[in-house]
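Following the hints, put chain R in place on chain G, whose structure we already have.
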Amino acid sequence: MADFVRADSAGGGRALGRIVVYGLLILVALYYLMPLFVMLTTSIKTLEEIRAGNLIALPGTVTFEAWAKAWGSVCTGADCSGLKNNFWSSVSFVLPAVVISTLIGAFNGYVLTLWRFKGSDLLFTTMLVGCFIPFQVVLLPMAQTLGWLGLANTTSGLVFVHVVYGLAFTTLFFRNFYVSVPEEMVKAARIDGAGFFTIFWRIILPLSPPIIVVCVIWQFTQIWNDFLFGVVFSGGDRQPITVALNNLVNTSTGVKEYNVDMAAAIIAALPTLFVYIVAGKYFVRGLTAGSVKG
Amino acid sequence: MNTAAPVPRRSALDAVEAALPKIVLGPTLLVSLVFVYGFIAWTAILSFTKSRLLPNYEFVGFYQYVTLFENERWWVALKNLCVFGGLFIFFCLATGLILAILLDQKIRAEGWLRSIYLYPMALSFIVTGTAWKWILNPGLGIERLVQQAGFPGFTFDWLVNPQMSVYTVVIAGVWQSSGFVMALFLAGLRGIDDSVIKAAQVDGASMPRIYWSIIIPTLRPVFFSAVMILAHIAIKSFDLVMALTGGGPGFSSDMPATFMYAFGFTRNQIGLGAASAMMMLMTVVAVIVPMMYAEVRRNRRG
Numbered sequence: 002m003a004d005f006v007r008a009d010s011a012g013g014g015r016a017l018g019r020i021v022v023y024g025l026l027i028l029v030a031l032y033y034l035m036p037l038f039v040m041l042t043t044s045i046k047t048l049e050e051i052r053a054g055n056l057i058a059l060p061g062t063v064t065f066e067a068w069a070k071a072w073g074s075v076c077t078g079a080d081c082s083g084l085k086n087n088f089w090s091s092v093s094f095v096l097p098a099v100v101i102s103t104l105i106g107a108f109n110g111y112v113l114t115l116w117r118f119k120g121s122d123l124l125f126t127t128m129l130v131g132c133f134i135p136f137q138v139v140l141l142p143m144a145q146t147l148g149w150l151g152l153a154n155t156t157s158g159l160v161f162v163h164v165v166y167g168l169a170f171t172t173l174f175f176r177n178f179y180v181s182v183p184e185e186m187v188k189a190a191r192i193d194g195a196g197f198f199t200i201f202w203r204i205i206l207p208l209s210p211p212i213i214v215v216c217v218i219w220q221f222t223q224i225w226n227d228f229l230f231g232v233v234f235s236g237g238d239r240q241p242i243t244v245a246l247n248n249l250v251n252t253s254t255g256v257k258e259y260n261v262d263m264a265a266a267i268i269a270a271l272p273t274l275f276v277y278i279v280a281g282k283y284f285v286r287g288l289t290a291g292s293v294k295g
Numbered sequence: 628m629n630t631a632a633p634v635p636r637r638s639a640l641d642a643v644e645a646a647l648p649k650i651v652l653g654p655t656l657l658v659s660l661v662f663v664y665g666f667i668a669w670t671a672i673l674s675f676t677k678s679r680l681l682p683n684y685e686f687v688g689f690y691q692y693v694t695l696f697e698n699e700r701w702w703v704a705l706k707n708l709c710v711f712g713g714l715f716i717f718f719c720l721a722t723g724l725i726l727a728i729l730l731d732q733k734i735r736a737e738g739w740l741r742s743i744y745l746y747p748m749a750l751s752f753i754v755t756g757t758a759w760k761w762i763l764n765p766g767l768g769i770e771r772l773v774q775q776a777g778f779p780g781f782t783f784d785w786l787v788n789p790q791m792s793v794y795t796v797v798i799a800g801v802w803q804s805s806g807f808v809m810a811l812f813l814a815g816l817r818g819i820d821d822s823v824i825k826a827a828q829v830d831g832a833s834m835p836r837i838y839w840s841i842i843i844p845t846l847r848p849v850f851f852s853a854v855m856i857l858a859h860i861a862i863k864s865f866d867l868v869m870a871l872t873g874g875g876p877g878f879s880s881d882m883p884a885t886f887m888y889a890f891g892f893t894r895n896q897i898g899l900g901a902a903s904a905m906m907m908l909m910t911v912v913a914v915i916v917p918m919m920y921a922e923v924r925r926n927r928r929g
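Chains as they are written, first to last, in the numbering used here: chain G, 2 to 295; chain R, 628 to 929.
Because the hints were derived from the structure by calculation, they are not lab data.
From the three backbone atoms N, C-alpha and C, an ideal C-beta is built for every residue, glycine too.
Treat the hints with caution; some may be incorrect.
[Said to hold, decoys possible] Partial list, computed: chain G residues near chain R (C-beta under 8 Å):
hint : residue
1    : P36
2    : M128
3    : P142
4    : N226
5    : G281
Isolated chain G, as found in the complex (with noise of 0.2 Å):
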């Protein structure tokens, strides 16, 4: 696309043009990176010196019991472990979350596309409410029933909660992608005597890296830093990290260790941070993907 700074055209105006613009974007990006350099900061500050000392000023001495004991040895609540045992709980309930909601996902995709049946539209459109929701009208009974299940305050039950909920998202997911596949494809292999699964196993599987992909990666940043479910439907050292971390923070007695919640803070974030920067641009395509119903 055209630019303005390079259309007026004077040489001067121009250069200046492009001075304020880069520094804008850059001013712009020191405040977007300014929560994440202080979160660090003061992660590796002693506490005495973040009393003495300023936001933004750089630690004097580096240390990294802070870091020590969010992991291992901070009170949240009644349990004194650290983070640790609520960030293994997080990855334990996470992935077979991810990788049950993007399987079913994928052959409810696949059935949308390319086994189109009369009434299948109607049927797609009905799950699609459950990306539009918001899941405060749904809590209640849920809690009820994972207490029926005996599920209540289990991994599996947090297990169940996000596959259900994130149903919605991975079928739009590979709804979307899969409309794009020629059905022509299918239909010649159907010819050749190819049935349901071997069409999905030899034909469409090999076509989709790309979305699969964008599914976990949007699944994945989904249910690691759920909250609303975390906090509702799980107890005791089984929570959610994020969960852990909001105790550890807002918890008001004794003397607070503004290094300790930085610490942890940045525990709770690293793995979705990890992702992001692996494999960013999957984020982003998933992002706008995905949220565009969402």
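Quick look at chain R alone, frame taken from chain G:
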């Protein structure tokens, strides 16, 4: 139906094969009917009952809704949602659009800058809330920084000031979500046909004018989806409030979602919690349905 040619004698296996697509889709449909539609209906029923600590199916009509709208805290939550929602949407759109336009000027390090603007979207709202709670800390945060910079009388206590606490949620929310709006607008800008702009340039239109009267109007669909997404985030906002202010001081920064959690889960007022959840659902419907309707009608007219 999808079977290519009717085979005279179908074996049972063929019948299963033919029904496979439906069988595969079945569980998701069932899940959606039970856990989305069924549970909404269930919540609706609860909202008409006396339920407190445990569900109790004694119907009391609109009692819970009347109680809800007589509750001062609910009114605070609604007012906060309007203030937060309005400012959050406005600032995200403005920041996002300006950043997108600036980034679209053939910027050298565009990829880097884009990644920086977008990384907050990868973070949990709880992490964002924790970080901003520390930055806005009255005493040790920005207040101290500005005081040390030579303004000893400076105070910045929004986090603990009931009049201002909701604005801290706006600050953190915009920081988290505006980069995403930028990405939407940037994609929109990249999709615009260059020839229209060149023609306008040839006609002697200035670039700011071209942006204002040609480019921004063509971004209408992007505005539409951005507002929908942001409104949705605003209505659902729960994590950020919990981590940043906890709804406080008092309940000055409560939102409908934190209200629902407080009454439905910690204060044993299931009926009231259900009523507030239903109001949230209706708010989403009230925002999304007219907007979609208007957009669809507009598209039909061409």
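A quick look at each hint next to the structure:
1. P36: Given a least distance of 4 Å, the restraint on P36 (chain G) holds.
2. M128: holds, 5 Å
3. P142: holds, 4 Å
4. N226: At 4 Å from the nearest chain R Cβ, N226 (chain G) passes the 8 Å test, so the hint holds.
5. G281: holds, 6 Å
The structure agrees with every numbered hint stated previously.
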